[in-house]
Every structure is written in structure tokens, then in C-alpha cells.
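As you go down the protein sequences, you meet chains A and B in turn. Under this note's numbering, the first residue of the first sequence carries the number 85, and numbering increases by one thereafter. Under this note's numbering, the first residue of the second sequence carries the number 78, and numbering increases by one thereafter.
Take the hints with a grain of salt, since some may be wrong.
To be verified - So the derived label-pair ranges between C-beta atoms look like this:
#1 228/B with 248/A: 42 to 52 Å
#2 332/B with 261/A: 44 to 54 Å
#3 142/B with 119/A: 46 to 56 Å
The hints are simulated quantities; they were obtained by calculation from the structure and are not laboratory data. Owing to the predicted nature of the structure, the values given are computational and were not obtained by experimental measurement. Built from N, CA and C at the ideal position, the CB exists for glycine as well.
Read off the chains here:
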Amino acid sequence: MAKGVWIVAEQRDGALRKVSFELASTARKLADQLGEEVGAVLCGSGVEAMAAELAKYGVDKVYVADNAALEPYTTDAHATAVAKIVKENDPAILFLGASAQGKDLSASLVGKLATGMATDCTDVKIADGKLCAIRPMYAGKCFGEIVIDAFPQMASLRPNVFPIVECAKAGEVVKFDAGLGEAKTKVAEVLKEAAGKIDVAEANIIVSGGRGMKGPEGYGILEELAGLLGAAVGASRAAVDAGWRPQADQVGQTGKVVSPNLYIACGISGAIQHLAGMSSSKYIVAINKDAEAPIFARADYGIVDDLFKVVPALTQEVKKLLA
Amino acid sequence: MNIVACVKQVPDTEAQIKVKGDGSGIEEGGIKWVMNPYDEFGVEEALKLKEKLGGEVTIISMGPARTMETIRTALAMGAEKGIQIDDPALYNADAYATAEALAAAIKGVPYDIIFCGQRAIDDDSAQVGSILAELLGIPQVTFATKLEIDGTAVKATRPIEGAAVVVATSLPCVITATKGLNEPRYASLPGIMKAKKKPVDIKKAADIGVTGASKSKVAKFTPPPARPPGKILCADDTPEGKAAELAKLLREEAKVI
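Okay, chain A solo, but in the shape it has when bound (with noise of 0.2 Å):
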């Protein structure tokens, strides 16, 4: 009988991704419910240490695999060692971060392991023993509650959204063989951005510009604001579109679903499909000079105004309240 919650731990250049720790938490919470044990799974080379600190966050066991061959990360070397481990000890529930490196895991994983998996979610819960899970689908246009009736029961669960609890357990550190074979894929390069950039999947706080924004030269105004409060530029489809900003900022149906602390709308009307990638952000704040847009309808704070006066001003605000 599978048994126990499981989660697959994140790392990237030798430190633990935060969402490694959103993840444990939950484990926790729910192989507390279902009395039952937490392990980890850890692939990387020269990883173990970062076992301890997921012992904080209420790992019981820590399953690393250290290989020079998992580093940095590929599809089938981690897909391959993770899906052995968790053959072998059968767990009821498996967590992953649905992270870009997480996202691209668990479905090589549900694949491996021939199972059912809710993508994305923003929450969980057992029910009569079982995993429950909620997700937005349509990009938030609905949610679903999913059950799987396969083991492991997987789910890869939204960043930013699970809180974080401390909760030391033993953590005790079991190493496996990854069981790889000839490497299929292998990383050749890997392209850094900008230092420092946050990417508006992983932020607390996001600062969006659309069509309003009149052109690339107008973001400097909110990548001022971002600056001041650790926060990422995202941006409409109108805008990516245009080619005023990257794609991998584009937030909405067609680009990335986020659900961050506070959202701010600058010069976006509110089309359906941005609604849907943004409306599950804690705080909306819409900044727009059109009153009807429909982004005032989804907004706690609305500003009807000329954003070229008003960011501005809330950076000055801001800087105020920060001094």
C-alpha cells in the first residue's frame, strides 16, 4: 500500500529554490493529517548538505542522489533517478514545484510513473484519505478539484502561494544510485540574464504595463517602482506583441499565470485573457486613465488617472515610506 508524502526538492547553483520549502511545508501538513512520514528527494552533485536545512521545513527523509551527471539539470537524468527512488518506496503523495525545472520534471514523471498529476495547484487537501487538489484551469477562467486514482498521487503546486513553516524533524539522509544510463539530452549552454532579475512567475510583487505604456521607452517608470520594491515587470500581451518587452515577462492566458502578493496594472484595460492570468494575485491595484476599463472590476485600488504622473508619484511615495 503506498504510503507517506513525498516531495521532489529544487536546487539550482548549489543553493535550495524557495519553493523546495513551500513544498516540504505542505508535505508536512498533509503526512501530518494522514499520519504518515515526509521524505525528499535531492538530485544534484554535491548536494547533501542542503539535506539539514529541508529537515527544518519537516522532512523526515532525505533520499540524495549526488552525481556529477545530474548537474546542472536535465529532463531524463533527474526524471530517471527520481522515478527509481520513488518506485522503490511507493509513497502515496508526490510534490514538485510547478517551476519551470518542476514543470518539465513532473510530467517526464507521470509519464515514468504512469500516473495522473494536477498541474499548477493552489492548494490541497485530503479527503476520505486522498489527495484532493485545486487548480485554476482555463488560466483561472475556472478551477477543478482533482482526484488521481493511480500512485503516486501527484500534484506540482503553484510557487509563491504555500506559506512556508518551520517544523525541524530528523531529516535523516539516505543516498541512492541515480540508476542513469547514456545521457540522452545534455545542457550545452546556459544563457544568464540580467543579474539580479526576478522572473514575474516567482515575485511577490509585480508591476505590469500595457498597451497604456506608449512604447518600450515607457517602462522605465515601473522598472523604477519594481526597483525600490523587489519586484518584477510584467507585462500584456499587447505589449509583449508589440515588442516592447520579452516574452518571458508576458503575464495572461497565452503567457505566465501568476499569483502574486500585490499586482500592479499600469496602462492595461483588462482584457479577458490577462484577467485570467492575473486574478488570483492577493492585492490588484489598477492604474488607468480610462474609468470603464475592465480592469477597475477587478481591482481593490483603482486609480483613475494619467499613469505617466501617477507611478511617478507613487515611487516618490514609496521611497518615503521605505526611507
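Go by the hints and put chain B onto chain A.
Only chain B this time, still in chain A's reference frame:
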């Protein structure tokens, strides 16, 4: 080169999605159906490869009768032939059952490379391409924004948070496409005329030897949680005054800055 592109028919991005009263699904009346935008990038890349290296493009789609329109759209863009998997047993297929059906259909087709969209914008599951690669036992690169093929060597670029990774692998493989890979073409009028005569094979689950059994299901659909009505800030009529009011609310009421 034998190229396969998998496509799905989905509601247009501007569609309002209404959940059925009993939570069993969504209301399909009045929806405009289109090719999944991420699959369009896959079809376009397939056509570009064919134009460069020769060969043919086969479109595979699973869905009810209306799905034929989407297959015809891809044929009008320039693909040679289509396969439609249409069986009520598969209408609620999850990602695994979908990939199983696609893999079964693809086994009857020669292929060097298979394109899928990184996700369909209806169920947003982002799994089918990866599962398909696993079931066929071939490598995969997901979320590709750039693709280079030289002989059997493949290089594909995929964005990760704050960086991009160039992944090297070899044919045959599955590539899942995302925005940035290319600009999909529109079907030309002669293309649309020609597409009507191109062959499309319609298959049932039994024809490809699958049962359609899913591993997961949506037990219940619900509308998104309602947002409480917001407020328009107007304590002061100047941009500066409104900005000051906003900063204060974000700090003291929302506590987010």
C-alpha cells in the same frame, strides 16, 4: 524528414468560461473554438523544418467532430495529412490517456520529430508532450523558444527563471513549443482550398488499441472565487494625492509593501 505536429482544439482566449450548474464541466454553447495557440507554434516550426529539409508534416488531433476544423486549419497552413482520434471514450481523457492515444496513433506513422504545444490553454496541464516522449522512449525538450537541427543533432533553447538553457539532444525527439519560437503563418486562401482535399484519417480508440482509461479526473469544476468590490481612490483629485492615498493603503490596509 517526417514531422508530426499534435494539435488540440480549445476555446478562444477571449471566451468567457461558465461552469455547468452541477459542476460537471463547462458550458460549451457559444464558445468559439480555435487551435491551441501553443500548438500553432509547433505547426509553424514543423512547416519551417519541412520547407528547409523536405519531407512531410502529419497533424494529429484528438477530440469530437468539431476538431476536424482545427486539423483543416493546420492543413491549410501547409501540412500534408491528418489523423483525428475521435471516440467518446476519450472525450474526458486526462493527460496520460491523451498521450497514450497519441503515442498509439503515432506508432503507425514514420517520424523524426514530434511537436506539441507546451500546454493547452483549456486544461493547462502541460504534460502531454512529455508523457508522449516517455511512452515512445525518445528524448524531449519542453518550452522551446529556439530550435536548431543539424543532421540528427538537435539544439533547443528553453527559458528557466532568470536564464535560458540550451539543451542538446538528437532525433527522434519531442519538442514542446512556447511563445517566441516563431510567428505562426495565416492560412492562405489557396491553402484553405487545397486543405479540403488533403487526407484525414479518422480513428476510434479500438483502431489504435487504447481503452481511454484515465489516471486522474476533474471531480468538480467551480467558478473562480469572487473578488470583493474594490475602491476607486479619489480623496484628492491630483495624481500626487491619489498616489499618496494608494501608498498608504498598500502599507496600512493591505500590508503588502
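Hints versus structure:
no.	hint	in the structure
1	228/B with 248/A: 42 to 52 Å	holds (48 Å)
2	332/B with 261/A: 44 to 54 Å	holds (48 Å)
3	142/B with 119/A: 46 to 56 Å	holds (49 Å)
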